[in-house]
Amino acid sequence: MHRRTFLKGSAALGLAAPQIARPALAQGAKVLRFVPQANLANFDPIWGTQYVVRNAGTLVWDMLYGVDAQLNPQRQMVESEEVSGDKLTWTFRLRPGLTWHDGEPVQAKDVVASLTRWMARDPIGQMIRGIQDELAATDDRTFRWRLKKPFPKLLYALGKTNAPMALMMPERIAKTDPFTQITEYVGSGPMKFVRNEWVPGARAVFETFAGYKPRDEPNSWLAGGKRMLVDRVEWVIMPDAATASAALQNGEVDWWENPISDLVPLLRKNANLNVDIADPLGNVGSFRMNHLHPPFDNPKIRQAVMTAMSQEDYMRAIVGDDDSLWKKLPGFFTPGTPLYSEAGGANVGKGDIALGRKLLKEAGYKGEPVTCIVAQDQGITKAQGDITADLLKQMGFNVDFVATDWGTTGTRRTSKAPPSQGGWNMFHTWHAGADTINPAGYPAVRASGDKAWFGWPNIPPVETAIAEWFDAADLAAEKAAIDKVNAAAIEGVVYVPTGFFLGYQSWRKNVSGIVKGPIPFTWGVSKA
Amino acid sequence: MLGYIGRRILATIPVMAVVGLFVFSLLYFAPGDPAAIIAGDQATPDDVARIRATLGLDRPFLVRFWEWSWQILHGDLGTSIFTNLPVTTMIGQRVQPTVSLMLVTLVFAIVVAVPLGVVAAWKAGSLIDRLVMGLAVMGFSVPVFVVGYVLAYVFALELGWLPVQGYTPIEQGLWPWLANLILPAVTLGLVYIALIARVTRATMLDVLSQDYVRTARAKGLSQGPVLFIHALKNAAVPIVTVIGIGIALLIGGAVVTETVFAIPGLGRLTVDAILRRDYPVIQGVVLLFSFVYVLVNLAIDLSYTLLDPRIRY
Chain D
1 MHRRTFLKGS AALGLAAPQI ARPALAQGAK VLRFVPQANL ANFDPIWGTQ
51 YVVRNAGTLV WDMLYGVDAQ LNPQRQMVES EEVSGDKLTW TFRLRPGLTW
101 HDGEPVQAKD VVASLTRWMA RDPIGQMIRG IQDELAATDD RTFRWRLKKP
151 FPKLLYALGK TNAPMALMMP ERIAKTDPFT QITEYVGSGP MKFVRNEWVP
201 GARAVFETFA GYKPRDEPNS WLAGGKRMLV DRVEWVIMPD AATASAALQN
251 GEVDWWENPI SDLVPLLRKN ANLNVDIADP LGNVGSFRMN HLHPPFDNPK
301 IRQAVMTAMS QEDYMRAIVG DDDSLWKKLP GFFTPGTPLY SEAGGANVGK
351 GDIALGRKLL KEAGYKGEPV TCIVAQDQGI TKAQGDITAD LLKQMGFNVD
401 FVATDWGTTG TRRTSKAPPS QGGWNMFHTW HAGADTINPA GYPAVRASGD
451 KAWFGWPNIP PVETAIAEWF DAADLAAEKA AIDKVNAAAI EGVVYVPTGF
501 FLGYQSWRKN VSGIVKGPIP FTWGVSKA
Chain F
1 MLGYIGRRIL ATIPVMAVVG LFVFSLLYFA PGDPAAIIAG DQATPDDVAR
51 IRATLGLDRP FLVRFWEWSW QILHGDLGTS IFTNLPVTTM IGQRVQPTVS
101 LMLVTLVFAI VVAVPLGVVA AWKAGSLIDR LVMGLAVMGF SVPVFVVGYV
151 LAYVFALELG WLPVQGYTPI EQGLWPWLAN LILPAVTLGL VYIALIARVT
201 RATMLDVLSQ DYVRTARAKG LSQGPVLFIH ALKNAAVPIV TVIGIGIALL
251 IGGAVVTETV FAIPGLGRLT VDAILRRDYP VIQGVVLLFS FVYVLVNLAI
301 DLSYTLLDPR IRY
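As you go down the protein sequences, you meet chains D and F in turn.
Heads up: the first sequence at position 166 corresponds to 166 in the numbering used here, and the numbers run straight through without jumps.
Heads up: the second sequence at position 30 corresponds to 30 in the numbering used here, and the numbers run straight through without jumps.
Take every hint as true, because none was put in to throw you off.
Only pairs whose alpha carbons sit at most 20 Å apart, straight line, appear in this in silico DMTMM-like list of lysine to aspartate or glutamate:
1. D:Lys269 - F:Glu158
2. D:Lys416 - F:Asp58
3. D:Lys451 - F:Asp46
4. D:Lys87 - D:Glu134
5. D:Lys451 - F:Asp41
6. D:Lys382 - F:Asp41
7. D:Lys416 - F:Asp41
8. D:Lys479 - D:Glu463
9. D:Lys416 - F:Asp33
10. D:Lys30 - D:Glu252
11. D:Lys416 - F:Asp46
12. D:Lys327 - D:Glu312
13. F:Lys233 - F:Asp301
14. D:Lys213 - D:Asp140
15. D:Lys109 - D:Asp140
If you anchor each label on the Cβ, the simulated ranges turn out as follows:
16. D:Ser512 - F:Glu67: 49 to 59 Å
17. D:Asp216 - F:Ser69: 53 to 63 Å
18. F:Thr89 - D:Gly367: 52 to 62 Å
19. F:Val146 - D:Lys109: 54 to 64 Å
20. F:Pro143 - D:Gly130: 50 to 60 Å
Honestly, the hints are just simulated from the structure, not real lab data.
Positions of the beta carbon are idealized from the N, C-alpha and C atoms, including for glycine.
Next up, chain D with everything else stripped away, as it sits in the complex (with noise of 0.2 Å):
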C-alpha cells in the first residue's frame, strides 16, 4: 500500500466513524451513570446475599412492605392487610394492577412462592417459617399466614433493609432452589434489568419499567411511590477509586456510591460535585475472637482486650483525620435508632494498655499463639487487622499475624478447628448500620453456641434477652430487652465493636433527589 492510499483510507475512516452505529437510545433519554460499590458478579438477590446484589434487586423486584426513613415498614405491593384478634392470623391484599415486566399480572400465588424461598435464607424468615402454620393464597390478590405463635415483627421483616430481602418473583422464578441462582431476571419494580447489556464486572444497565405503578405516597427510603425519573441506569463498575475519582470529575460519571475517604477532600474542591454522607445508619467495625479456642475461650482474655482496644486508634485507621465520620460505640446496635443502647459498655474500648495488660495476667494466659487472619483486600479489614496486631503485641499476647484476602477469610472463618489446624482465633468485619438497628437480621450479635455466627459465641443470657425483644409488644419492651442484650454481650463478649463510622457519597450537581440510606436509592432521582 502506497502512503496517500493509507493516509486517504485513514482519513475516510475517521469521517466514517460517526455515522457508525451507537446504542439503540431514544432522543433525549436520560441516562443516570452510577458507580456502584461493587460487582454485581450475580444477580440473585436470595441466592446471593452481598449488598450490591440487594441494592440491583431493589429496581428490579418490589417489595410487600418498604421501611421508611424513620425505619418503620410501609405498605408497598400490599393493599391492605388483617390481623386476627389472637395475632396468629395475617390476611394480605395486593394492589389492584400490578404487573411484572413480562407483562402477567402480580399473583397471591407468586407472592406466597417468593415468601417461601425467602424464608429458607433469611435468619427472620427462618424464624418464621418455624412458626408457620400455613402461607397460601386465598384468591389472586389475596394471601393468608397462619402462625403458631404471634410474631410482633412480620411486617418489619417483610421490609427491611438488610439481605435477603423479601422481594416478590413470579412463582415460576420463585420456585428455583433457594440455594440454585435464578436465570430469569423478571420483577414488578420500577425498573428492568436489561440481560443482554449486563457485562458482568464491568457494567449493568436497568430501564424504566413503564408499566410500574408507583404509590401516590411521597417516597421515603423502600417506601412510598418509587417514581423513575430517569430513564435508563446504567451502572458502570470501577475496581480503582482514582479512577472513579477523576471519572466523576470528568464527567464521565454522575453519581459514585462510595468514595473513600483519601478522596473526599479533592472532590470537595470540584465545584461541579456534591458530597455528602452516604448513609447515615452508617457501619459498625468489628473484630471476632474465636470462642471455642485457647486463649479466647476464656471470657476474662476476652474482656481484657475489650478494654485494652482503643476505638479512636481503629476509626482514625478505617476514615483517618476526619472526626465527623466516627464515634466510639460502646454496645453493639446502631448509634441515633430507637434501640441504641450503651448498657454494660463503661469498659469498652477504653484504650488501657496496662489494665489490659494486668487483666491478661490475672486471667492466666499462658502465651498460646493467637491466629489473627487479616484481609489485605479489603481497606478496612486490613486497617483493623494491623492495629489489632499491635495491641495484641503491646499486650504480650504471641501473635500469629495471617495476612490473606477476603476470599481465604471467608472459608477460614467458618472452620471449627483448632488454629494449628487451618482454623483460627481472630478475624475482622465490619456490619452495615441499617443491619445492627435491632437483633432481627444480625447473626453476628447472637450467642447461641454451635449455631451462633463464626466464633460460636455461647452466652445464654444475650439469647433469652433476644427472644424477650422478639416478643416486645411495644418500644419501652423493646429497648429493656435491647440493654439487656447489650450488657451480656459486652460482658461475655460476643465479639469486639471497633467504632461506629459513616461514609461518603458524591454526585455531580446536575443530578438532584439523591438521599442518604442503607441502599442508593434511585428512584426520585433526576438528571438535568
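Assemble chain F onto chain D, guided by the hints.
This is chain F only, laid out in the frame that chain D set:
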C-alpha cells in the same frame, strides 16, 4: 513447512494438557471457597455447605478434574459459579477490549521503539543515544499505574482531551474506540518501548559493524536506506523475538492497565475471578492465554523464514 506447522500445532495439545492440570490442581489446593463468598456474611455454616454441594465443590479432585477435562474436550469451558453465564460468553464479552488494547499498544510501541533503537545505535555514545537509553530505563522503572494516573490527570482531567476510563466498541466509531485506548496504550506501551528499543539498539550496533553495511555505504547509499533497509532487516530476527516475548509482558500489564482505566477486558476478568474463586472462569482464561501464547510463538518462528531466507523448517 506445512508439516512443521502441523507438528507445532499438535505439540500445543500436551502443553495445554499440562497447563490445564497445573491450573486445576493449583485452584483445588489453594485456600478460599466460592460458596462462602456467595453465601455472604449472614450465612450459617450449613448454608455454605449446602451451596458448596449444589455447586459440586464437595466432590473429590479426580471426579471434578475428569468432568472439567471432558467438558474442555467438547469445547465447553463451563459456567461461571457467580454469574451463571457460560465462560465462553464471559470471555467473548471481554476479548475485544483486550485485543484492541494489545493491538494499539503493539503498533504504538513498535512505531516508536524501533526508530528510537535504530537512531540510538546510529548515534551510539552521543547525547541522543543517552537520552533514548535514559527513556528506556525510565520506561522499565516507573510502575504502570503511576504512568496511568499521571497521563489521566494531564490529558483527561486537566486538558480534557481524552476520556478517563472505559471502552467503546469499534462498531460505535473509530475515534471513540481509539480515544478510549490512547492513554491505556501509551501507559502499557512504555515498558514495551523500553524493551524493544534496547534490543533494537544492541542488535543494530552489531549489524552496523558488518562488512555488508560498509559496502552499502561505500556504494554511496544515503544513511536512511543503509539503516532501515540493509541493517534493520538483518537485525529483525532478535527484534521480532523480543516482540513475541513481550506479548506475555503485555498480558500481565493489561491486568493493571485495565484496572486503572476501567477497561472491561480479560485482565480484569481474571483478577475478579481470582478474588472470588470463580474456578471455571480462571481455568478458562488461563487456558486461553496459554493457547494464545503458544500461537504467538509459532507465528514468530514462522516469521523468521520471511525475515531471513536462510532459515527453513
